[in-house]
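Asks: If you want the building blocks of each chain, they are given just below.
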Amino acid sequence: MIRTPLRPLARILLARDKGENPDAIERENIRLRHEQMRDRARRRAEGRLLVLGVMFFCAFALVGGRMGVLAHSEPSGPRVSAAGADILAQRADIVDRHGRILATNFDTHSLYAQPQQMIEPESAAQALVEIFPDLDEARLVKDFTGKRKFLWIKKVISPEQQQRVHDIGEPGLLFGPREMRLYPNGNLAAHVLGGAGFGREGVHAAEVIGVAGIEKYFDERLRDPAHGARPLELSLDLTVQAAIEHVLSGGMSIMNAKGAAAVLMDVRTGEIISIASLPDFDPNDRPRPLTKGDAGDSPLFNRAVQGVYELGSTFKIFAIAQAMELGLVNEDTVIDTSGPMRVGGFPIGEFRGKNYGELTTSDIIVKSSNRGTGRIALKIGPERQQTFLRSLGFFEPTPLEIIEASGGKPLLPQRWTELSTVTISYGHGLSSSPLHLAAGYAAIANGGRMIQPTLLRRDTPQAGIRVISETTAAAARRMLRRVVSSGTASLGEVPGYAVGGKTGTADKPKPRGGYYDDKVIATFASLFPAHEPRYVLIVTLDEPVETSGDKPRRTAGWTAVPVAAEIITRVAPLLGLRPTIEPEPLTGITLTSN
Amino acid sequence: MRSLFYVLSALAVIALAYWAYHENYRTQHAQSEADALEDRISVARQRLRVLNAEWAYLNRPSRLRELAEINYERLGLMPLQPYQFGRIDQVAYPPAEEPLVFDNSIEVSDQDQEQYP
Chain A
48 MIRTPLRPLA RILLARDKGE NPDAIERENI RLRHEQMRDR ARRRAEGRLL VLGVMFFCAF
108 ALVGGRMGVL AHSEPSGPRV SAAGADILAQ RADIVDRHGR ILATNFDTHS LYAQPQQMIE
168 PESAAQALVE IFPDLDEARL VKDFTGKRKF LWIKKVISPE QQQRVHDIGE PGLLFGPREM
228 RLYPNGNLAA HVLGGAGFGR EGVHAAEVIG VAGIEKYFDE RLRDPAHGAR PLELSLDLTV
288 QAAIEHVLSG GMSIMNAKGA AAVLMDVRTG EIISIASLPD FDPNDRPRPL TKGDAGDSPL
348 FNRAVQGVYE LGSTFKIFAI AQAMELGLVN EDTVIDTSGP MRVGGFPIGE FRGKNYGELT
408 TSDIIVKSSN RGTGRIALKI GPERQQTFLR SLGFFEPTPL EIIEASGGKP LLPQRWTELS
468 TVTISYGHGL SSSPLHLAAG YAAIANGGRM IQPTLLRRDT PQAGIRVISE TTAAAARRML
528 RRVVSSGTAS LGEVPGYAVG GKTGTADKPK PRGGYYDDKV IATFASLFPA HEPRYVLIVT
588 LDEPVETSGD KPRRTAGWTA VPVAAEIITR VAPLLGLRPT IEPEPLTGIT LTSN
Chain B
1317 MRSLFYVLSA LAVIALAYWA YHENYRTQHA QSEADALEDR ISVARQRLRV LNAEWAYLNR
1377 PSRLRELAEI NYERLGLMPL QPYQFGRIDQ VAYPPAEEPL VFDNSIEVSD QDQEQYP
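If you're matching them up, the sequences are chains A and B in order. First residue of the first sequence: 48, per my numbering; consecutive thereafter. First residue of the second sequence: 1317, per my numbering; consecutive thereafter.
One chain only, chain B, in its complex shape (with noise of 0.2 Å):
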């Protein structure tokens, strides 16, 4: 009795370590792939302000200028004028479509029918 005791303790002992050290290495594994993923996120953090400061240095308003009056011929690019205010009913929306007419209809409710008697 008493040595069936020690046994299973023993192998309760073994089991236990077994969990707490599967539990350790799963733990370690999830941290370093967090780490990997903290790394790429703050690579491409890095990555993304270096693109909003290209971004923000290629719209710089003095190259947007020179860049509209070098191609005003193609362009026409003009600096904004108050008399380009419209209002709304001066646009002028494409006239509406003719409503769609079937001459080709087909009754659908008998088939309906047959599917779901």
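The following block holds chain A by itself, in its conformation from the complex (with noise of 0.2 Å):
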């Protein structure tokens, strides 16, 4: 660049001939100097203002940009490798303690239509009424000629009946992908399983939750996805489940009874081996509940948690055991039994009317003297009384893992008094469920630990709290084991396995107060083997009668006691017990003589 002179010579030399002052030149070509440096200053200026604006305007259209991609596109989780597989089943397997399925998912379609993309909407509502046949024609054709944009024709179809309706080739009838619950077992341990329904629905999925029994009881757990495919382990038995249902269902049937529960329990982990109830239905597809009448008769009912019943003379032990507890009285000692006895100015009757006179203790329970209990039960009073049974679980819901468990609240006098006392001692005036009656022998049957039912499998023992002492637990056990060897459930002699028991058979109360005379409760409480038990069997049957004799007879020595005895021996082997032989009593505490 050439810089022009500030002092060019030749206008100096002009201006001096002029007579100018040569320093106006000067000063002119400085000051146009500054203007070219200013403006030059300023370009730059102007040009770097602009490269910086266009930076800014790259960054924040950058940003903006990513921020609109990331708002349209789908949201994708970061890649794990091999997690994705487990996630497809919605909900957890129930297993039985051996692992065998009880409730799993199967993979199915539901049926849907669009009306507005169907060609021949007349015929193809005429297929499908022929592969579905209860649907309605004439309202399939006004759906699908209407105004109706969307509508389900099936929740659920088989594979086959998608392929015939596929072949229909009718372009608005579509499929969404269903996953369903499927109870293989059928009938088998339904009232436990409850069942499943679904929730919320969409075309593409539909959620599976469960409305009754344990599927609702662990609904959180099943579905959460934490626990993926992780089966939920049920203490259920398969085989020794299937084994009682069909004894029950046999027994009920010749028996002639309504109904029948009957539980299987392990006395040591609380585990409940097997639970029944018949009728029963199929969880696959779960009868609507009944809308009038007693909901006791549907078979949705769960007679053996939700059914209280007022459980007869099977409740006599609990007051001996506690009454030996006590100290008041042992195995030997003898009590008055005669009558008349009279309690808050009601008369207490034996059974039939009879008169057993002076009894011993034992000989009370085996032959199941009201008066003899009723007098011990005095001696400890209400107070007691009531102390005990509570301990015992017998005044709350039993803790069982199904959801109609909370409705199994026994019924309880609302004043204690000494007639309830004496009544209660021999099992009328409370109500409870026969899995109270299990879990109150289970504390029997193992040395006199209060232990919770469960239906979940544990490999350990519970460690109860301690309602009797080891010794009047065994006496206990003996006195249930002479009933069977000698007393009143005779019949429920199944060799090798020394079964201890207690019959009760209690009058049906009329719904408007009062007792009939011909409807029975009739409940075996046993447990086995008696010298060591391991397991505790309630069996109850519903208004049985057994007519093989002259009259009919309806105690529990002849009805519930065989059935009883029949799924002992069905079910103690495929438990895995050895049949044994029963030690001796000892001779030293033998009565010889009296």
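Read the hints as simulated data drawn from the structure, not as lab findings. Heads up, some of the hints might be wrong.
Reference listing, derived: stretches of chain B covered by chain A, where coverage requires no fewer than 3 residues with Cβ under 8 Å from a Cβ of chain A [said to hold, decoys possible]:
1) 1375-1387
2) 1397-1407
Some, not all, of what chain A presents toward chain B, calculated at C-beta under 8 Å [unchecked claim]:
3) Phe153
4) Thr155
5) Pro218
6) Leu229
7) Asn232
8) Leu235
9) Leu285
10) Ala289
11) Gly400
12) Asn402
13) Gly404
14) Thr616
15) Arg617
16) Arg625
17) Pro626
Idealized CB from N, CA, C, for every residue including glycine.
Dock chain to chain to rebuild the complex, using the hints, since each chain is given by itself in its own frame.
Replies: Laid out in structure tokens, this is it:
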């Protein structure tokens, strides 16, 4: 660049000739130069600003563009290798204690229609009715040709049906994937499993939710993806459950009973090996609850858990055990059971007006004397009796892990009078479920610890609260064994398994008060083997009547006991119990003469 | 000198770009392979679930009981009874076989010595 000199000689000489001030030229030139410098600096600054502006624009455009892309794109999680395959199953399986499937999922399809895409609605409706006879053709035609844009036709269809619908070739008939809950064993353990249904439904998926039983109780756990493919392990044994249900339904029809229930419980772990209630239902096709009449007549009603009944003389052992625990009586204490006996103005009688006279405590249980038990209960008194029965769990619903269990709340007398004490000692005036009874008998069977019945598999015994001492429990077991070997439950003898138990026959209460003469609840509460109990079995028959004799027989000894004996014969080998020879009582404590 | 530096750095950029793209393609390939495998696993799992359900359905106790009753004449299956428990000394083992007798023995120690002197 050529710099213009500040004082060009030619112009200065010329100016001097003209007598002008040559400094003016210099100042003029300085001014021009400054102007040039200023313009250049401004251009440069403007250029820089432009570049900066472009940079900022690009940066913001990038950020904005990225935000737009993020907002419009489908979200995708970080890639995890080999995990996605587990999440397919929406709901965990339920298996029995040996891992056999009780409930699983099954992939199937739902069928829906989009009428505006249909080409021949009438013929499609006709073809659909041929495949699904329960559909109404006129209604389908109305729906297909009307204004509706969408309608469900079938919630769940089988693969064969899907193929046949596919063969119609109607583009307006569409399938959505559905996961369905399947109970492969049908009616087996129906009351425990309950059933499942669809919750929120969309075209592409539907929620499977538990509607009853353990499915509802553990709904969260079963749906929780964190548990993934780990199945819910129950304490039930499929084989034992099947055998018990089979024998029980046979017994129910032989004894002409209206319903039946059975509970088999491990006395150490509290596991319910089998729990059955008849009549039952198919959880794959769960019936609707009854809208009228007695809910107890519905097959959905779980007699073993929800049914609270006065369980009769099976309660006597609790009064006797408590009295022995308190030291009021021992096995050989003689009690006068002769009548008449009046408590609170009400007469207390024996079965068929019998009079047993003087009996030992043990014989009171063996002969099932109401007056004998009542007199012992009066020695215990209402307060101590309440405390003891509460510790055995007879005041609260059982903590079983099915949603219905909370409905099985025992019915207690409003005022616990002396009369209540006497009647409750022989099982009247307090209604409880067969499961309550099983838990109570388990305490006697395991040596005096109260354990909670559970449906979940566990490997360790429960350390329950001690309610009676080992010696009292052993004495109670000896009495229960005598009931079977020489008492009211003689039909319950199963060679090799030393069954001990107590019968109970309670008249059914009328809905309007009072009791029926010809309707009973027959219960047999048993434990086996009596010398070293492993299991407690409760069998309850609702309104049984045994008609092989001259007169109809309704007592538990003739109805529930033979059924229970058959169950033990069938089930004990399945449980791996080897028949054993019962140890003889020691000669030293045998009563040789009076 | 300076131009050599430019050429070298340009070549380095090209080489690194090639390597980066190559790795990228390999990763994508591995990912799509993993996706395909995962699909196959999930299909296999689904099939396994169906087969498990079918197995449980075919082995349901009521069906097995009916089959045992239908085939009673051939199989003679009865419910397990307590008397069927046995003791281990009640099991009739087959008689112990005679010890093997060798009468055509061959001396092999010499052969060994020949092979491995």
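Asks: Where does the structure disagree with the numbered hints, that is, which hint numbers, in rising order?
Replies: 4, 5, 11, 12, 13
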